[in-house]
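In the order they appear, the protein sequences are chains A and B. To convert, note that position 565 of the first sequence is 790 in the working numbering; the numbers rise steadily by one, no gaps. To convert, note that position 278 of the second sequence is 343 in the working numbering; the numbers rise steadily by one, no gaps.
Since the hints were derived computationally from the structure, they do not count as laboratory data. Treat the hints with care, since some could be wrong.
[What the hints assert, rightly or not] Below, computed lysine to any residue pairings styled on SDA-like, alpha-carbon distance capped at 20 Å:
hint: 1; chain 1: A; residue 1: K405; chain 2: A; residue 2: D349
hint: 2; chain 1: B; residue 1: K153; chain 2: A; residue 2: W252
hint: 3; chain 1: A; residue 1: K416; chain 2: B; residue 2: Q299
hint: 4; chain 1: B; residue 1: K153; chain 2: A; residue 2: L292
hint: 5; chain 1: A; residue 1: K234; chain 2: A; residue 2: T278
hint: 6; chain 1: B; residue 1: K361; chain 2: B; residue 2: G387
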Amino acid sequence: MPRILVSHKELVSFGSGDTIGVNTKMWKFRPRGPGEFLDANDPVEMPLPAGTTGINRRPSWSTYNLLSRSRMYGSGAWTANMLIDENGRALRQGLPAPTIVPTVTAVAGPGVTAASVCFLQYWDEIGGREGPLSAGSVTVNLANQQRAWANLPTTCPDPSATHLRGLVSNDGALPRVAWKRELGVTAITEKIANGALGEFVDDFTEMPLCQINAVWHDRLWGAGNEQFPERAFASAIQDLEHYEGLFLQTDGEPIVGMFGSNENFLFGSSRRIYRASGFTEEDITRDVEKPDIGLVGHHGNAHMHGMLVIPTTVGFYLYDGSWHYLMKDRASEWEREYKLHREEYQAAQGFFDPVENVYKFGPVHHSDIGDGVDGVGNPASPYVHWVIDAKRLVPDVAVSSQLSAVIVNDARMRSEAGSAVFYVPGSSQAQVVTGGCDGKLREENDPLDADDDGDSYRKKFTIEPATELPDPGGAFAVDAVTWKRIWNFARCAQPLTVEFRSGTEYVTKSPLKMTDVVPAPTLGNAEEIPDLIDHPVETLTGAALCMRIKGEAFIPPSDDPEVESGGAAIFAWSGWGGLYGPGLRISAGNQGGGGG
Amino acid sequence: MAKLPQQRGPLTERFERRFGINELGYPEGVNTELPPAAIRREQFRRLINCRFRGTSVVPRGGQTLLSGTIHDPIACIYPDDFVMSTPKRLWSIGDGCPGESAGAGFNVSHFDPEQEPPYQRAVWYQGGTSKIAIAGYGGIPHVALDATFRRLSLVRVPWGTENLGLGGSDQSLPLLTFTGGFTVNVVLEVGGICYIGMDDGAGNGKIVSWDGKTVRDDKTGIPAPIAFGIWRDQLTVGFAAASNQILIRAEGPSSPGTYSTVAPGVGAVGTYPGLNSMVSFKDALWITDGVNTIWKYDGAALASSHVIANCSECRGLAVAFGALFAGKRSTATVPNHAMLARTPDGAAWNDTYKDFTLVEDAAATTVRGLAYYKDCLAAGVLAGRTRVYISKGQDTAGTYTGYLPGGANSGPSPADIRYLVVI
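Chain B extracted, bound-state conformation (with noise of 0.2 Å):
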């Protein structure tokens, strides 16, 4: 048998210093200040790449690698993370359902790289029949759907929780309903003030102020309003091409407001409803009729500006990077392609700027929703399932990242998108 170490000889003394026993505590850190002899039992002359756990002292983690060589090999990387506090998300609506349904209701959907999945779907609106519009005010996302005007309430998620599954079917507080046969088309804040515009189904439109307590009619007698952007801090008021005009509200909270009517000396404009089909680019306010037809009102003349070749649906523009953008479906050469017009002045048009079907999803046919969003532009695209692609930061021309509802849980259902906005 061997022999045990607590086997003594004669004249044989014994010191054992074993953490958590014999009246020694826990183990305690360096002390270099006294004699290696004279510090504490509990301390020590030297500790290096140790922890403590309890009684023992023991070798720290390590280091996983997280990444490839980022810049360069010889570069110094300083990581840092950035707290935000409200979230920054680009929303989207559109018809049914992505992964439930084609058509079915209305859904509301937002996109964040700081949530997980990325593109959530927040509400699915079974029950709306007709309309649903959305837009911010004062930071806060507001829904209208049909005759209601709500604002919307997101339940908190946890990463990897998908806004819907958690909130279910709705998420928000009614605040309005309008009455006479009105159900909203479109929703806007400018100057702190919500606009919202909305017709009656019998050629009757108006559009009614909101100041978060009081409802006020701030211009009857009119078109249906279709859709609403800003240009010089001004509402621009948008209407199908048979009333051909647009409106202008003069800067002002109080309602009724002054309106200018603008109308263009050759042809008839008509916007394509939503928020992405008017906006201000160079001082002046560009709109697409929803087909291919740039209109551009400077402050003088409302005139056609541009007819985007090859195309045959042109339903949103976005301004990002100091150019004009346009969301296209191409018609010949590569017919039913997603693609980009581009423009740097509003002059020269490069019309076949960027190809999504080429490039990122050979599925893809159309572009529904064009956004500048968090330094990147932002595209709603229709293909067998939504998606919103992403652009690497100011890299609109190279390859962009494609983001599904729900992420990979969403089914195939492909649903789809009527605008992009930033709440």
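The shape of chain A in the complex, shown without the other chains (with noise of 0.2 Å):
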């Protein structure tokens, strides 16, 4: 398949000329397989339409193949509606209509008898695309006469317009095709006879400047119409680049996203999100699905399993024709991040990735994750992702309180663009690709790179399993408890940080208590048990603990976990265990017990 790219430089001085806006250009290269670096030739220039500039905003982009035609329709990142054809061109979606009338004039037969209204029309050759009609001549009235033409627009200002085509409605009739020349021509004179006509064309426009779009039931729908926010518009049936006036809209708020769910069509504001469903003017309903939530935005809803993951404005909802809640585990923080970051995560994205098998949204900041990565003070804070694992998340689906359990986030500092999974034509193999904001292109889901291709957060992971509270509500509660020793679970080859504090039970953010930087120089440690790291924690006290494990720089082992895999960057942890005793009474008055 084409790969197609879009890439955004701001022109960050407002000065005069050229260095206002954004330079925008497009491009296409051909399939590569995995891991295959671009040549320097591969990337071609495909020049954006006439008249058309870009707009530093993230694509919107639907396909639709019909017969031999395969067309990509694009929105919201330029000044017009989009389309690459199948000739890999990047065209304005429609044509103009010719703004200028056809001069129609009886003159000698032998000809035709009829009353002929006359209109013209642009044509592109290349993708058999037409534009609209002209207005209509006056009326001719032929008595076994020619037609004569004149008048001719003689250029078009689409320049992917080749041919002009003028078209009659006789006696009524609609307007019907009665000749085609190369634009360029001034003057016809025909008799196409009533019977020779060609195709009819229908009254039509092209589809109103949208900032997103999505194809369902054979329509194309934009939404983001600067002058009419709430509305959805649909394009004909199979004829996506015609409007004939259709739409749906929202009870006045602004639509944010749209997409199409099998026999439903749900497109919503940051107030409602809406369900549609029928083909035609004749059996479209609307109902409001959700009155009172809304969605994020539009480029974070994606295909997952067949299902839908939809960014709300109070979390992850799976949507398979039900609603199912993702969040009940992170709700809380999901409503602060989206309110500190608003605008970031109306503008991300979501994809589902199939090499990892995971759904994931992002760039956006989150307050929690930085450099310090206990949540306070993040001078340099990374892009996030929020993950949500479709291994453990697909067979529970039933289960709708097993479905938060599968959530994390994935960080990284390089400023990045957008995402897109590529497949080898002839092939099931995908391939996960990631435009930067310094661009280039990568490739994800490298298990021997440690860290991002250089990238300042050097693939920081973090893990931090529930706090240890030995006995909630009992006498360790009360009194102090003293850890006496430690251990985790784990494949480590190179240095690695062990965060403890201890304390109360909400103790994960309380004043470190001890660091632990193990060296491991090999696997196994010096207790000469296999993959268990141990840590002398002798002195902490409290009555729960809290553990948090720190590396940066690790790729992960060899994919069948028995397969004792080498290499110095290797990490995998499985658990983690210790030893306690009472310890130190923490109110007046009873004196714990030492450590055992």
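Dock chain one against chain two, each of which comes alone in its own frame, and use the hints as you go.
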């Protein structure tokens, strides 16, 4: 499949001339296998259509294939709706209508007998695209006469138009094609009989300028129009470049996202979500699906295992016709972060990564994830993705209570624009590719890469299991605990930091009590137990113990857990354990016992 | 001996949270909703840059650099995959088979950047003796070989595999066999009807129409039709110079068709055989005679419009990016260079617009076949080994990328290219 790139270079100097706005380019390149580096000559620029400039915004793409036409419809990143056709041309989605009304007169026959109203239309021969009709000529009454067309436009504002077509409406019938000529012809005389006229053409216009789009029920849907932000405009069926007047609308709020899911089309604002079903103007119905929950945006909605993951104002939902709430365990965190970084969330992208079998949403910032990781002072705050692991999610889909237990986060310092899944034609091999804001493409999921291709965050990881509170509500909760020994079950062959905090059950953000930097020069440890790291923690006391493992520039071991992977950067953690005993009583009065 | 962690002192308790053991299940996700000590033991308070693998938590995979800087070091790149359904390929036919034989039989090959290798040999008709022609009908390639007409039904090949190697010597459904000694010269679809031009080898030519079910005589009593084109949605027919004419068929599907004969006022018009020698440009029909003369018919008069300088062979015309291009073998100054001539308006020609021999391949001698393909200009170029050259988008004067049939695996046999068509 051709790979398409949109690159936005923001022009920072708002002086005069070309330094204003965004320098946007579009590129295409042929497929390559996973891991294959692009040659410098691979990306071929697709010039933007005349009169179109870029907008520094994420493009919204929808693909539609029909017979020999394969087309990709884009919105949001340009000052016009965009189309990439099967020839790899970047075009405006619609051709303009001729602004010149044809001058048609009756001239000597033999010819036809009819009352003719004549129209003009631009035509793109390469892509078989037609523009809207011009205004009609005055009625020409023919009595066995020919039609003499004059005042024909010789150019089109859109250079993709190659031809001009003349259409004739005889005696009130629909306009039908009478002739087609390459642009440049100024006059034509013809006598095409009624029965010999070609196809008829409906009255249509090009789709209104939109910010987002989606294909559902063989129509292109577009929303985000500046004049009518509450409307989702629908193209003609199977004619996605024609707009014939159909739209759905909210109760007045601007539409921020939309997507199709089997028989349902969902669209919504940041306040409500609506559901539509049906095919034509005659049977399309609209209902309020969620009167009190809104969509975060458009680009985060993505299919995963046939279901939709939908970021909403209260967190992720899984939609398979029913709504399954995924955020039971992180609801407050999501709501807090969404409020703090609202614009980033609305622009963020969600996509399913079939290689890792995860859904990823981002990049956004997170107030609790940074260099310190402890939530205080994040001078270097990385870009974060929310990650939903589909491996654990899908089998449990019927049990909504289990759906939330699979969400983690990724973090990376490099600013990134968007990701895509590339497939090699003739193969099911997928490749997840991310475009950076440094003008480069990178492939994700490289098991041998330790630092995200030199990213300054160095793939820092944090593992903080549930805080250990040995006796909640019991004596240990009142009396302190002395933590005598802690160990981790981990394969680790390079330095690793393990932090410990002890105190009350809310110890996770307490001051650090102890840090153990594990040298672990070889697999195993001084205790000679394979894959076990022992921490001497005999000074720790407190009712609860919080452990946080931090490392950087590690790689995962082999996919086969039974294979003993070598390599200095490998890390895998499968649990922890420890020994504890009675400690000093926290409250005044009783004295706790010493360690054992 | 080192002390094991399991060893206990008095009043010592032990906890162990090892996934998959001690009633602990798989590791699960993050829970920040409950107090840190109240969440289930399978869950985490924080998991960053990690993935689950069985009962383990492992670092996620990293990133590999795939490209140099595209556009600009501060440009934000948004990638996407354009899923195309029906392939749109550039087809070539020629004598012999590249890498196999320079002249035995005929080959049908196709180029598409969406396949690997991009330029693939599809079929080698080793038994073909005199003629081959190709055209699309209903979006499907149809091939005429000598007296037979067939629909190609290619096998689907995986990435990295060549069509010829998997499909063998033929991948087609025979549709028609013409009798009476007629063999097919040229085929073209116009207005939903497939027109087949043929002759009997004794000077008797005819054109038949094929609508997918029935063959009908569309025009008989003519010299051997050797070239087809489309002008104003009408079929145009070219002949050898001896007949000094072209035919234009009026629009309409029914056979027999109504043909107009057009002859030049001065000189004798000949049309080079195939589908690359008659093209429509600026509402006129342009014809190459195969040597150096470009003829033009504007609906009123057929006349020689331009003689390409220093040219001994011009077999292909193509319209791309608003200009007319002509393939060329040069004669003087730089003899036997494969070149392109170009005119933006049909009047002003640049006869040395592009030189493949100078830039791409010193062994290139001539251009055989020219086509607009996927917003590029494609040229079939004869050299030590046959290649198609593809322009970098609209930069038709710049450096082209060359593709060998079969990729690097094809042998040294050059074979030939007759013309290129997009199907």
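Given the proposed pairing of K416/A with Q299/B, does the C-alpha separation stay at or below 20 Å? holds, 17 Å
Can you confirm whether the C-alpha distance between K405/A and D349/A stays at or below 20 Å? Holds - the C-alpha atoms of D349/A and K405/A are around 11 Å apart, at most 20 Å.
Taking only the CA atoms, is the gap from K153/B to L292/A under or equal to 20 Å? Answer holds: K153/B to L292/A is near 11 Å, not above 20 Å.
Take a quick look at whether K361/B and G387/B sit within 20 Å of each other, Cα to Cα. Between K361/B and G387/B the Cα gap is close to 17 Å, so the pair holds against 20 Å.
Hint consistency between K153/B and W252/A [alpha-carbon to alpha-carbon, up to 20 Å]: holds, 19 Å
Against the 20 Å threshold, does the CA-CA distance of K234/A and T278/A hold or violate the hint? holds, 12 Å
Of the numbered hints listed earlier, not one is contradicted by the structure.
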